[in-house]
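Student: With these hints in hand, go ahead and build the complete structure from the sequences.
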Amino acid sequence: MTAPTLQVENLRTHFFSKDGVVKAVDDVSFEVRAGEVLGLVGESGSGKSVTGFSIIGLVDPPGRIVEGSIHFKGDDLVGLSDEQMRKVRGSKIAMIFQDPMMTLNPVLRVDTQMVETIQAHEAVDRSVALGRARDALAQVGIPSPEERLKAYPHQLSGGMRQRVAIAIAFLNKPDLIIADEPTTALDVTIQGQILYEAQRLCRETGTALIWITHDLAVVAGLADRIAVMYAGRIVEMGETDAVIDRPMHPYTVGLLGSVPSHTKRGQRLAQIPGMTPSLLDLPPGCAFRARCPRADSLCLDAPESTEPRSGHHIRCVHPHGVLESAEA
Amino acid sequence: MTVYIIRRLMQSAVVVFLMSVIVFFGLHVVGDPVYMFASPDAPQEEIEKVIRQFGLDRPVYEQYWLFLKGALSGDLGRSYVFGEPALKLITQRMPATLELAFVALFLAVVLGIPLGLYAGLKPHSSVSRTIMAGSILGFSLPTFWVGIMLIMVFAVMLGWLPSTGRGDTVTILGIEVSFLTLDGLSHIFLPAFNLALLKISLVIRLTRAGTREAIHQDYIKFARAKGLSTSRIVGLHLLKNILIPVVTVLGLEFGSLIAFSVVTETIFAWPGMGKLLIEAIQTLDRPIIVAYLMMIVVVFIVINLVVDILYSVLDPRVRLRDQTV
Amino acid sequence: MTAISENHPIEATGGERVDTPFRRFAAEFFESKVATGALILLVVIVLAALFAPLLSPQNPYDLAQVSILDSRLPPGEKSMDGYTFLLGTDGAGRDLYSAILHGLRISLSVGVMSGIIALLVGMAVGLAAAYWGGRVETVIMRIVDLQLSFPAVLVALILLTLLGKGIENIILALVVAQWAYYARTVRGSALVERRKEYVEAATCLGLSHNRIVFRHILPNCLAPLIVVVTVQTAHAIALEATLSFLGVGLPQTEPSLGLLISNGFEYMMSGRYWISFFPGIALLLTIVSINLVGDQLRDVLNPRLKR
Chain A
0 MTAPTLQVEN
10 LRTHFFSKDG
20 VVKAVDDVSF
30 EVRAGEVLGL
40 VGESGSGKSV
50 TGFSIIGLVD
60 PPGRIVEGSI
70 HFKGDDLVGL
80 SDEQMRKVRG
90 SKIAMIFQDP
100 MMTLNPVLRV
110 DTQMVETIQA
120 HEAVDRSVAL
130 GRARDALAQV
140 GIPSPEERLK
150 AYPHQLSGGM
160 RQRVAIAIAF
170 LNKPDLIIAD
180 EPTTALDVTI
190 QGQILYEAQR
200 LCRETGTALI
210 WITHDLAVVA
220 GLADRIAVMY
230 AGRIVEMGET
240 DAVIDRPMHP
250 YTVGLLGSVP
260 SHTKRGQRLA
270 QIPGMTPSLL
280 DLPPGCAFRA
290 RCPRADSLCL
300 DAPESTEPRS
310 GHHIRCVHPH
320 GVLESAEA
Chain B
0 MTVYIIRRLM
10 QSAVVVFLMS
20 VIVFFGLHVV
30 GDPVYMFASP
40 DAPQEEIEKV
50 IRQFGLDRPV
60 YEQYWLFLKG
70 ALSGDLGRSY
80 VFGEPALKLI
90 TQRMPATLEL
100 AFVALFLAVV
110 LGIPLGLYAG
120 LKPHSSVSRT
130 IMAGSILGFS
140 LPTFWVGIML
150 IMVFAVMLGW
160 LPSTGRGDTV
170 TILGIEVSFL
180 TLDGLSHIFL
190 PAFNLALLKI
200 SLVIRLTRAG
210 TREAIHQDYI
220 KFARAKGLST
230 SRIVGLHLLK
240 NILIPVVTVL
250 GLEFGSLIAF
260 SVVTETIFAW
270 PGMGKLLIEA
280 IQTLDRPIIV
290 AYLMMIVVVF
300 IVINLVVDIL
310 YSVLDPRVRL
320 RDQTV
Chain C
0 MTAISENHPI
10 EATGGERVDT
20 PFRRFAAEFF
30 ESKVATGALI
40 LLVVIVLAAL
50 FAPLLSPQNP
60 YDLAQVSILD
70 SRLPPGEKSM
80 DGYTFLLGTD
90 GAGRDLYSAI
100 LHGLRISLSV
110 GVMSGIIALL
120 VGMAVGLAAA
130 YWGGRVETVI
140 MRIVDLQLSF
150 PAVLVALILL
160 TLLGKGIENI
170 ILALVVAQWA
180 YYARTVRGSA
190 LVERRKEYVE
200 AATCLGLSHN
210 RIVFRHILPN
220 CLAPLIVVVT
230 VQTAHAIALE
240 ATLSFLGVGL
250 PQTEPSLGLL
260 ISNGFEYMMS
270 GRYWISFFPG
280 IALLLTIVSI
290 NLVGDQLRDV
300 LNPRLKR
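Residue numbers (numbering that gives the first Met the number 0), protein chains in the order written: chain A, 0 to 327; chain B, 0 to 324; chain C, 0 to 306.
Don't take each hint at face value.
Unchecked claim - Cross-link-like lysine-lysine pairs, in silico, DSSO-like; alpha carbons within 27 Å at most:
(1) K86(A) / K239(B)
(2) K32(C) / K17(A)
(3) K91(A) / K17(A)
(4) K121(B) / K239(B)
(5) K121(B) / K86(A)
(6) K121(B) / K32(C)
(7) K72(A) / K172(A)
What the hints contain is simulated information worked out from the structure, not anything from laboratory work.
Tutor: As structure tokens, this is what we get:
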């Protein structure tokens, strides 16, 4: 087995606000291999986006990484200087954002925004860079890329803009791409195309992909493995099939139950009671216990990460599907 | 675009006409300029001669009709004081005023944008707090008092810079300018800075507010995620977005620079058209006052139009259309 | 099922002490030390202007008390009859400290008077535009826009040229130069309010126009209006000083701060700085304190910044 492209260990990213410390990412560990797609799933405020920004080194004050390591192809990214980190960004690790309406600079043409991405990392002529930009646009399925290069973002549709953003991410052939809910703001039909395009490119180039989303259904068909985050922690992580078909954490079970599907047509949709807790002054113990049907006094201590089945990690003392008969 | 400009120009013509009516008839209500030029105890014939000479014996509407006819052929009347065409006097003084205003605008941009950027990028540093405190002061200080204080410190106490006049000038394209000679530069600095102070504060505030808003935008974060250098992000991605409101406001403020040059020119004895206006007000030299105001209205209209066109150049999302209001 | 989700109230709001809106507003206002200081300074300035005759050692416009022999004395010098001139004397031998207190009185009253009248005019016009809409609104807003495209200083200058000097004339000129700002502000916020449902409800209840406008729409426009009033008052004071300096504002018999500065200008070249300097400082402190209070008011009253 090859060494993972990215290995995150015990990452803690906290925000030091006026009202107290927000533990947005609290002891998160996972790894991604070359060509692998990891789906990072969670509600808003679960810390999934902050995890992404921590990896690429774009956590802004008052937030900062307080603990842990992020090994990227053997080197720890935590503690790199700003200039060293800048060289990694956009060339070895790229990022795609949620809203394509907002990510491209409205007053700069597409070619400017693409060429600068290449020239920030390599000393190449503008004409060479332009050629690569054109190829990249063609690669993500943009018709007549030559014309699109001359366009301003507002002249393109939302789906087209997201394709441009993906093309920019792939421009410098990165080893890892972090996609932060890149399809949420798009129409459903466009969503599917974008998903397909991203997946195909990663397979072709061997790029590792972290796909951040709140939508389990999206990653179910895309990811090789899934990590479910809740209140700054990964509560369940494993192969996609294992997590979807045999979820162990009550939160994952709840999430899956609230996804509408045709097998449950006519039934009342299950929902998880309550709401995401405030990350400010989170009480000790399992963060999900206030909403968990299985919670008891054991949950007052924060559960350690365990691996009840091979490759399937959870943070729960009352998991589904394990020792269930003994409990009953 | 052409339709748009033509429409705007037609609207402007109406404004110019209304302005001329208000000012012309308004001026007839106040004072009698005759006694400025003929002593009250002068013989009746002499007074009547002056009245006829200025055309004041005709009824007001007829005077206005004559003025309007003259105005259309570029004649705004003769100055009572100088005996020369008012338009000629104004256009002679105009370059000095425009030079002062442009140098002030330049100072506002060159000082205001970097200071505002710094204050926006590092809002909590003590330097930024000082910049913002300075800008509040710049907003509050009355222009004329700052002018007096500048003269007191730099001309009277330190003796570094002259306090009156334009200094040596050079003629370029038939226009005299001060800023190309060292002496002229030393003369223009104080009045231009005085005039610019308010606009510097304004630009600082606008730039800071724009920066604070833009740095949280996704396109800036995306630019950082692409690995661009800070200088390119700030210098291109950020600045080009901030410049749109700054240029718009500054363009519109250019008119107020010309208006406030009345004050600055009076203090620094700068021979521009603002100083001419104040002198004309004191001597009730009606043709000069009317001509000045007509010129100002035209200048304002031109400025507004130029700003609109500049705006569409800077922001690709804006295209000038014949708007139906 | 639904009962479960209701078992988790978002946040307990009971048990807190009862806050009146005003107390909350005051607490937020005094959070800023700078603004608190500015407000105290402003109160001191207003009191000083109100009680100028009691606070000043000399009536600077009583010829019996002023001696030309005392003219242009620097700060700290003693007068012929042994009195110390704290801030020196001006060209006519007046005690500058007393002259400033009296000048402050004139400057403030001109600024406040013109502000109040402009506010009333602008409010009436702005409300009319917002309430009736249609052609009335178009015409009014055209005039407002036209006037706002000319700098206030120029508008006032032209008007004073036409009207001549005098305290009533300068107040009139300042009103004309300012009413449009108020009209625009009132119309803007009234338009927002008018579209809200409670106005519709009030109309349905058959309330009279007056009642809807004055009891329902107007109170909701107050917050932005208060901010504009402070900023515009500071503006009016500076404008009056500028116009008086240019010699078109107040006559020498009503020496505002601007006129005091103007009178001192001729002595500047000979190094007698204090005659212009101290009135200028008084003017500056007045305007800065009003602006700082206005800044804080804007922050506190701005609903968009509310948590």
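Student: Work down the list of hints and note, for each, if the structure agrees.
Tutor: Results of checking the hints against the structure:
1. K86(A) / K239(B): Holds: K86(A) and K239(B) sit about 24 Å apart, inside 27 Å.
2. K32(C) / K17(A): 18 Å, holds
3. K91(A) / K17(A): Violated, because 35 Å separates the two Cα atoms, which is more than 27 Å.
4. K121(B) / K239(B): 19 Å, holds
5. K121(B) / K86(A): With Cα atoms ~23 Å apart, K121(B) and K86(A) stay inside 27 Å; holds.
6. K121(B) / K32(C): Holds - the C-alpha atoms of K32(C) and K121(B) are around 21 Å apart, at most 27 Å.
7. K72(A) / K172(A): Holds, because 15 Å separates the two Cα atoms, which is no more than 27 Å.
The earlier numbered hint that this structure contradicts is number 3, and it is the only one.
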